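Protein chains in written order, with my numbering: chain A, 1 to 355; chain Y, 1001 to 1355; chain C, 2001 to 2355; chain D, 3001 to 3355.
Calculated directly from the structure, the hints in this document are not laboratory data.
Note that this is a predicted model, so its numbers are computed, not measured.
Virtual Cβ for every residue (Gly too), placed ideally from N, Cα, C.
Everything hinted at is true.
If the Cβ cut is set under 7 Å, some of the chain C residues that face chain A in the computed set are:
hint, residue
1, G2073
2, Q2093
3, R2095
4, S2099
5, G2303
6, E2305
Number of protein chains: 4
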Amino acid sequence: MATMRANVFHSKGKFGVAETPMPKAGYGQAVIRVTLTTICGTDLHIVRGEYQIKPGLVLGHEPVGVIAELGAGIAGYDIGDRVLVGAITPCGQCRACLSGHQAQCGQSAAGYQAIGGWRFGNTLDGAQAEYLLVPHAQANLAKIPAELTDEQVVLLSDIASTGFSGAESGGVRLGDAVAVFAQGPIGLCATIGARLMGAALIIAVDTDPLRLRMAVRMGADIVLDPKQTDVVADIKQLSGGGVDVAIEALGLQETFENALRCLRPGGTLSSLGVYSGKLHVPYDAFAAGIGDYRIVTTLCPGGKERMTRLMELVRHRRIDLAPLLTHRFSLENIAEAYDLFGRRGEGVLKVAVKP
Amino acid sequence: MATMRANVFHSKGKFGVAETPMPKAGYGQAVIRVTLTTICGTDLHIVRGEYQIKPGLVLGHEPVGVIAELGAGIAGYDIGDRVLVGAITPCGQCRACLSGHQAQCGQSAAGYQAIGGWRFGNTLDGAQAEYLLVPHAQANLAKIPAELTDEQVVLLSDIASTGFSGAESGGVRLGDAVAVFAQGPIGLCATIGARLMGAALIIAVDTDPLRLRMAVRMGADIVLDPKQTDVVADIKQLSGGGVDVAIEALGLQETFENALRCLRPGGTLSSLGVYSGKLHVPYDAFAAGIGDYRIVTTLCPGGKERMTRLMELVRHRRIDLAPLLTHRFSLENIAEAYDLFGRRGEGVLKVAVKP
Amino acid sequence: MATMRANVFHSKGKFGVAETPMPKAGYGQAVIRVTLTTICGTDLHIVRGEYQIKPGLVLGHEPVGVIAELGAGIAGYDIGDRVLVGAITPCGQCRACLSGHQAQCGQSAAGYQAIGGWRFGNTLDGAQAEYLLVPHAQANLAKIPAELTDEQVVLLSDIASTGFSGAESGGVRLGDAVAVFAQGPIGLCATIGARLMGAALIIAVDTDPLRLRMAVRMGADIVLDPKQTDVVADIKQLSGGGVDVAIEALGLQETFENALRCLRPGGTLSSLGVYSGKLHVPYDAFAAGIGDYRIVTTLCPGGKERMTRLMELVRHRRIDLAPLLTHRFSLENIAEAYDLFGRRGEGVLKVAVKP
Amino acid sequence: MATMRANVFHSKGKFGVAETPMPKAGYGQAVIRVTLTTICGTDLHIVRGEYQIKPGLVLGHEPVGVIAELGAGIAGYDIGDRVLVGAITPCGQCRACLSGHQAQCGQSAAGYQAIGGWRFGNTLDGAQAEYLLVPHAQANLAKIPAELTDEQVVLLSDIASTGFSGAESGGVRLGDAVAVFAQGPIGLCATIGARLMGAALIIAVDTDPLRLRMAVRMGADIVLDPKQTDVVADIKQLSGGGVDVAIEALGLQETFENALRCLRPGGTLSSLGVYSGKLHVPYDAFAAGIGDYRIVTTLCPGGKERMTRLMELVRHRRIDLAPLLTHRFSLENIAEAYDLFGRRGEGVLKVAVKP
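So here's chain A without its partners, still in its complex pose:
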């Protein structure tokens, strides 16, 4: 049996590169040779035992690669095509997908399960490997234009798609005032997304000076540090009474609550964070339910059309995510990368991992 190298999860705190079986493409599937991937905050949650996956699964969900094998039933692709695959791989044919909720793909015949279309490194072997089996390949292989490098597109798979969706689901309109809470990779992409969609004023909030500097580089007009200032009061003052859209990109009570408090009447809180434990919606922050507020949540949009559209933004120089890719590692040294990324060392934002 052919084997490959891959970063395998064993149990809380235990994972590492090992020899694993090569995948084989079934009908409607493809195998890609991974040429670049990265590590996501979710991967940290997994190796820390904060999110459960099956022992033995390969980690990672952000793949760039080259088609190595095409199963039957796939049209329009050739072996050797360079492709980007989204972190979310919708089938396009289930109830959720046909209802326009592709990220929630995964309905069984018996009814919905809210696991969503996130499969790589969650329910299927992931992208931190030499090879990756792509399910529903017809819907998920996005060809990479020749003029784009792997590094230019790898962050589109998850963080850019998620971050931009914060602005999209929030319904940012021309001339809006927008506040973005937390400027990690997702929050920075939310800042970029708000800028791309025509917000007039973007206020970025974080406690890390490096990240705030990057926020300015990515399009924020004003940055605020909650350790230094009353961010809600400042945002209300700067926006003349409250922002049109507040984007939450961390998943904490504090950022959620602040995002709600800085809205103008009729404003929208667009939430990207993954929350744990109880979330409180204070009576006054919620205008007792009669402020015409909206709270919208979004899971990373996937599928090849999404990836293609995001690559067009890179190709036509609307966005440049290169500054977010701060470090590079080989797959064999991925443990080092997890360590650096996990302790936020050396100003790391995202790491490139090359099999």
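Following the hints, position chains Y, C and D against chain A.
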């Protein structure tokens, strides 16, 4: 000085019909002789001291009447015209109104205040009176078609406009499954609204058998009593995995949480309730923030165009709210009406009050 | 080789039931034994040579049946399941489908072709046959609830899905005034759709008294005959200045132009007709381009989720299309059915054809 | 009687600066001392007799000024405040305004008239004057931030608001391909608008090399000259099968038809042009009505909130319209400005006119 009879609020528990000054129409205003009004749950909150208004204010915000005086600057109306006025009276000219958030009307030059466009019986004298001063009259006087009686339209001013908006803001689409939590007057109108907009399956939830019977009459397919059954489990089963839209029409933690729990992935919780104290969003009910859920809140839409459109629904026999008007009182006996309405006696839903 | 009976198109004016090869399910496909189908106006265009298809193709695109064979890769279905299949069969995985334009399914790798997702009786063998091969079966087989008969659901496949979409794409809102031009099967379903979505006033236009009577039965408030009256003037008067939404359901210059002329400023013309030749947009009817008008066109929405939602509307007694199914024929006598349907004999609206 | 200098229209070809009565603010009105204005293509249509207005009316509809007089009933403003007023002045209180169609403001009590909210230089005295009476002042006076000059904001009143709305009504989304037909001032602003909203690829079409150069400066990726190339074929090729949104900014059959022909299935034609005579929608260009195309038209959005939002875009350096203001004239020399603007001399785009 001319006087009139009106139901005046004094302090917690103290209110009553008294002689008060007749209003006078200034520029852009009108005075109507009230021919019918009603009592709202909010009025109960006020007289119980749970919501603060200025002592001396006339109560009530749901007026039907006849134009008695027209201030300068009002065109297209005549003395004697029968009109319906919404509970919310937007000016049409402030930042909130021009942003499409008419219910949030009330921005000062200095910035927004979240008081909204609710003025009658809140910041201005209200409708439980012989005469009522209507601000921003050009935007708020809706002529009543001759073939409609006062009783046919009085409930449109607040509860129907609010209840229907639960379905509208929820984005109910053809074929949706909808659950409506609580079947008081607002909830019953949310049930009607979901039916009007083409929901295929409407599940109404309440603990009062009388209200559940009325829910069926108003268009619910199935009624559930949370005292008798696990409503979340039942709704998930009946809807094949969760409803598209859940409408909350009470303002309690339990109904809010149940509404959230019975959504399908990508579903919308449309909240009409006025909440007090903290509201919890349990981690699991919220799918940790990645279920593509939306939570939308709506304050009663007002303005003459809204009232006119709702009257068209009555005129063309799409809706019949008559069964909700269960009792009739004169203005002089309004204390009795408050008592009955407050203790939910005799199967009361809404009371008609005739000055 | 196994054979079956099917209605085969040969050339202009020539078609008939013949022995043809039985289909065989490949990967991702299914074969259904057709238990009920019907004839569409489009089929008439084909046999009259007004729309070109390949000689030898089986006609028809509105199938109800029982699963006879399941190809590999299909999950959640069993042989013997009763299913409804939409006239449009999206793959769910191409650029158009992933962009939310499932009806326009059919992009080649090289770029879009505007053939849309209409395949049955157009580019693939159709439903007027004993057996039918269903492509992209996972996305297109909608199980029929046991309590619904074939006749109750067969019209959902095309005319109801199309007709309702006229109201949906038009954005009909609670309290709207809507005019529907032409009351053939599609127009009647547009009338039903406008009613379902909460229009307050529905004005149906046609020259056929039988169809106008049916329009009233299906929910129209007022019917107008352009031979008897100036419909544009009447509609403007009845709606107080113009309708919010006008639905065109015929495909002629006259109906298109009248639909445009009866709009209020900011109104929407929702067009369902299939036009031939040039279409004129008169300068004045179009308010010179500055009336904030919208013209939207819609091809029949397909896919199993759409079919399931429409069946829910039947199951919960929101709609009853039975009155539209006026005649019944066996597949062997389908030529008679074409003749009757083609000359609009005996008050025919739609015919049931049973293989 | 006090008088002022103003550019008065007499009859076809006859207009000029003359002494006219000073306006006086009535209730709800304001008078501004105009500090900057400009000439619009519509003004040319008027003086050429192609659009009828009443003789004696002052021309012009794009005012920047200083409040000189405030009528009763206006709150939140002071004499001396610098303000921008939109070309369209909605009342905020009529049926059209309360329906969200503010640009169509102008409903009489008897029903709609499609004149829209365009009043300055059309039904009321206009802005090419020393003083201007502003109707519905509470809804239409937008204070100018101190850091912005008159020249930075004067083009927001009409061309920027109109041009941007081409992208907004077209529903431009992140990653879209957009084509903009004609690069006059409105078309250039449509190009800016598409860029602001996140289009990935913008193709600008015009025959004038100067305007195409300006289009690149304003954000177009590719420019095409229909005299040099088959623009429809080129656009289809460049966009991989058709654009998501095509914006028409001229008002001719050719540009309208080309815009329609270059759409991908499901695409939107956003029309800003003012058409004259018949407009043809060729059968094939329209996909026979079943391409899921949308055609949307938009009249310049007005009102103070719109103006404020657009000024925020200037203030935060999202847009810089200065390059479009190519020439400067005094009010006394406005005839020269009309001449230059009318014959498109010296690369003129827009002229600043200073009373």
